[in-house]
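These protein sequence lines map, in sequence, to chains B and P.
The opening residue of the first sequence carries number 4 in our numbering; numbering runs sequentially from there.
The opening residue of the second sequence carries number 32 in our numbering; numbering runs sequentially from there.
A portion of the hints provided could be inaccurate.
[What the hints assert, rightly or not] Simulated restraints on C-beta separations:
hint, chain 1, residue 1, chain 2, residue 2, range
1, P, H266, B, E161, 42 to 52 angstroms
2, P, E120, B, V299, 48 to 58 angstroms
3, P, E234, B, S366, 45 to 55 angstroms
[Stated by the list, open to error] Selected chain B positions facing chain P (Cβ under 7 angstroms, derived; list incomplete):
hint, residue
4, N83
5, R118
6, M132
7, A136
8, L194
9, L287
It is worth saying that the hints were derived from the structure and are not from the lab.
Glycine included, C-beta positions come from ideal geometry on N, C-alpha and C.
Single-letter residue listing:
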Amino acid sequence: MSWRLSRASWPRLTFWKGIFLIVVAVGLYATWVRFSRGLGAATNLGDEFPWGLWVGFDVLCGVMLAAGGFTLTAAVYIFNAERFRPIVRPTVLTAFLGYVLVVVALLYDLGRGDRIWHPLVMWNPRSVMFEVAWCVMLYTTVLALEFAPVVFERLRLERPRRILRGISLPLVILGVILSTLHQSSLGSLYLIVPEKLHPLWYTPLLPVLFFLSAIGIGLAMTIFESSLSAKYFQRQLELPLLRELGRFLVVVLAVYGVLRMQDLHHRDALRFVLEPGYASSLFLIEVVLGLALPIVLLLSPRVRARVGGLYLSSVLVILGFITNRLNVSITGFEAATGATYVPRWTEIAVTAMIIAAGFAVFSLAVKHLPIFAAEPSPVVPAAPPVPARVHHVRA
Amino acid sequence: MSKAILYDATQCIGCKLCEQACADRWGHPYDDTLAAQEKLSAEKLTAVLSRGDRFMRRMCMHCADPTCASVCPVGAFTKTAAGPVVYDESKCIGCRYCMLACPFGVPRYEWNKTLPRVRKCDMCADRVAAGGQPACAEICPTGATLFGEYETLVSLAQQRIREAPDHYVPHVYGLHEVGGTSVLLLSGVPFEQFGYRTDLLHEPMPMLTWRVLSRVPDLVLLGSVLLGGIWWITHRREEVAAAEAQSASRSRESG
Ligand code: SF4
Ligand code: SF4
Numbered sequence: 004m005s006w007r008l009s010r011a012s013w014p015r016l017t018f019w020k021g022i023f024l025i026v027v028a029v030g031l032y033a034t035w036v037r038f039s040r041g042l043g044a045a046t047n048l049g050d051e052f053p054w055g056l057w058v059g060f061d062v063l064c065g066v067m068l069a070a071g072g073f074t075l076t077a078a079v080y081i082f083n084a085e086r087f088r089p090i091v092r093p094t095v096l097t098a099f100l101g102y103v104l105v106v107v108a109l110l111y112d113l114g115r116g117d118r119i120w121h122p123l124v125m126w127n128p129r130s131v132m133f134e135v136a137w138c139v140m141l142y143t144t145v146l147a148l149e150f151a152p153v154v155f156e157r158l159r160l161e162r163p164r165r166i167l168r169g170i171s172l173p174l175v176i177l178g179v180i181l182s183t184l185h186q187s188s189l190g191s192l193y194l195i196v197p198e199k200l201h202p203l204w205y206t207p208l209l210p211v212l213f214f215l216s217a218i219g220i221g222l223a224m225t226i227f228e229s230s231l232s233a234k235y236f237q238r239q240l241e242l243p244l245l246r247e248l249g250r251f252l253v254v255v256l257a258v259y260g261v262l263r264m265q266d267l268h269h270r271d272a273l274r275f276v277l278e279p280g281y282a283s284s285l286f287l288i289e290v291v292l293g294l295a296l297p298i299v300l301l302l303s304p305r306v307r308a309r310v311g312g313l314y315l316s317s318v319l320v321i322l323g324f325i326t327n328r329l330n331v332s333i334t335g336f337e338a339a340t341g342a343t344y345v346p347r348w349t350e351i352a353v354t355a356m357i358i359a360a361g362f363a364v365f366s367l368a369v370k371h372l373p374i375f376a377a378e379p380s381p382v383v384p385a386a387p388p389v390p391a392r393v394h395h396v397r398a
Numbered sequence: 032m033s034k035a036i037l038y039d040a041t042q043c044i045g046c047k048l049c050e051q052a053c054a055d056r057w058g059h060p061y062d063d064t065l066a067a068q069e070k071l072s073a074e075k076l077t078a079v080l081s082r083g084d085r086f087m088r089r090m091c092m093h094c095a096d097p098t099c100a101s102v103c104p105v106g107a108f109t110k111t112a113a114g115p116v117v118y119d120e121s122k123c124i125g126c127r128y129c130m131l132a133c134p135f136g137v138p139r140y141e142w143n144k145t146l147p148r149v150r151k152c153d154m155c156a157d158r159v160a161a162g163g164q165p166a167c168a169e170i171c172p173t174g175a176t177l178f179g180e181y182e183t184l185v186s187l188a189q190q191r192i193r194e195a196p197d198h199y200v201p202h203v204y205g206l207h208e209v210g211g212t213s214v215l216l217l218s219g220v221p222f223e224q225f226g227y228r229t230d231l232l233h234e235p236m237p238m239l240t241w242r243v244l245s246r247v248p249d250l251v252l253l254g255s256v257l258l259g260g261i262w263w264i265t266h267r268r269e270e271v272a273a274a275e276a277q278s279a280s281r282s283r284e285s286g
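Build the full structure now, drawing on both the sequences and the hints.
In structure tokens:
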């Protein structure tokens with residue numbers, strides 16, 4: 004009897020928890036390899052290929068996927084799209100976690116992670132990397148401050164909460180500007196390698212394209228997350244709101260697509276699309292599956308009418324832009340320089356562990372903090388508390 | 032005046048004494064296996080490449096406006112007035128952006144160390160500062176590697192091409208590439224055969240990023256005004272609502 008009792012008090016080992024534990028165990032072993040034996044033993048990087056998966060995926064894609072934070076806070080606080088307020092908290096939390104994980108990934112990737120603070124005191128304003136370092140650091144702080152009210156609410160700390168609410172507008176503006184700067188600057192990083200990056204991806208417009216795609220991803224991630232939280236946390240946005248996001252997404256994608264094609268045309272690089280090979284197939288995956296297809300899907304009212312259709316389109320967009328970042332940072336170099344790179348298992352294991360940690364912290368936060376709770380609407384102070392427009396799909 | 036190295040491949044006999052001298056100066060190991068490796072590594076900061084009886088050296092070009100110095104987030108590289116581009120390992124965070132960005136693919140990394148550093152030729156900056164010359168130039172038995180004043184070496188290189196046009200490709204490599212470098216190369220065969228790109232820009236590479244970076248302060252100011260303005264416009268309705276509510280309550284009071 005007592006045996007049964009103690010067994011029942013163990014946390015239930017579900018399928019996902021099992022996967023999580025395996026991923027973490029393998030990741031920790033990879034971590035040990037990385038820090039005891041150096042980058043050479045833990046990665047397939049080398050003098051010919053100094054940046055790989057950790058920069059291309061963990062950092063570039065990580066920052067990009069966290070773009071929902073600035074997109075949505077801008078929409079709600081600056082453009083006054085109050086109807087999206089119910090999802091501000093989960094989105095800001097995702098963004099904050101995203102940036103923290105990017106910094107964690109950097110600690111693995113930097114040869115001297117112990118000196119990650121050096122850009123704070125050793126300045127080089129001519130360096131894009133220096134600008135990115137400062138923006139990421141400041142923006143992570145901004146996100147922490149944007150999220151802090153949730154924690155204060157939980158701890159019933161009224162005073163600090165009121166102070167933060169008082170400065171929320173300047174905080175949001177600062178966040179949007181910092182995001183604009185570093186989202187585009189991640190593209191500018193590659194402006195310095197005109198002879199090493201394949202012409203399908205090297206363009207002076209890299210910063211503009213990176214910024215536009217960050218907005219697209221911000222919208223796509225919001226749709227995607229809302230559908231996910233419907234499944235796992237029984238909360239989601241009302242369908243009309245998702246549909247509206249879908250419309251915005253189509254417009255951003257279309258502008259991005261037109262700009263991309265114009266740029267290829269003006270640089271006389273369209274001919275590379277027709278050259279059969281590695282580069283052009285990856286380009287086509289990116290542009291046909293990740294751009295053209297979701298545009299067509301989202302333009303159809305039938306697709307927009309259903310959560311499933313919106314969800315599918317947003318997943319395509321996300322995969323498409325991930326492909327884009329990997330093309331700019333990895334495959335575009337292979338195609339133009341002839342060097343090759345395939346990530347080593349340790350690189351993949353660390354990446355998987357970081358992603359798993361992100362999911363775990365997110366669900367913990369949802370369980371213990373008022374993430375999906377109704378924030379009192381500040382619009383009409385005299386009116387009785389308006390119920391938040393979150394759709395509760397309690398199972 | 033700034034110093035430079037002129038390497039004339041047509042005078043090189045491939046003895047690799049420069050490799051040996053460089054290894055000695057850095058305290059790197061050097062043996063026949065290492066000598067046979069025709070590429071740079073963290074322990075081989077200059078390499079003599081051979082194609083038949085033709086030779087070519089590879090090393091840091093010591094750019095006039097170095098890409099490595101511009102991209103490094105912590106400013107670990109400095110172009111000294113004397114010419115050498117030097118690296119301060121105590122600043123480096125190991126992001127390896129310099130390796131990605133260098134147009135000549137020069138910087139190497141100590142991949143197998145737990146506290147790794149970037150490695151590259153520093154034109155023996157300490158010896159140069161003391162009035163000496165780089166170890167490779169000092170040891171070169173044929174004068175293929177020469178060290179001297181930049182201007183002198185430029186005119187010497189041009190003079191050699193002028194006097195023996197059949198002997199050289201008509202190109203002083205490094206005179207215009209990426210806005211000029213402190214290492215100049217002469218060759219009897221096309222530079223591309225040894226992996227030197229001849230399609231590089233003739234302006235300093237840092238311009239490519241500076242064009243964008245220099246706009247950042249303007250963007251911050253413009254962006255703040257624009258976003259603040261949008262907020263002001265989009266929140267007007269609430270102000271109107273509040274004002275109406277106020278006047279309504281006032282009229283109720285007076286009424
Ligand atoms: S050749 Fe490369 S490492 Fe040498 S100074 Fe120029 S940019 Fe720097
Ligand atoms: S690896 Fe070191 S020297 Fe090279 S750019 Fe990064 S911080 Fe600077």
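Please list, smallest to largest, the hint numbers that this structure does not respect.
When the structure is compared with the hints, numbers 1, 9 turn out to be violated.
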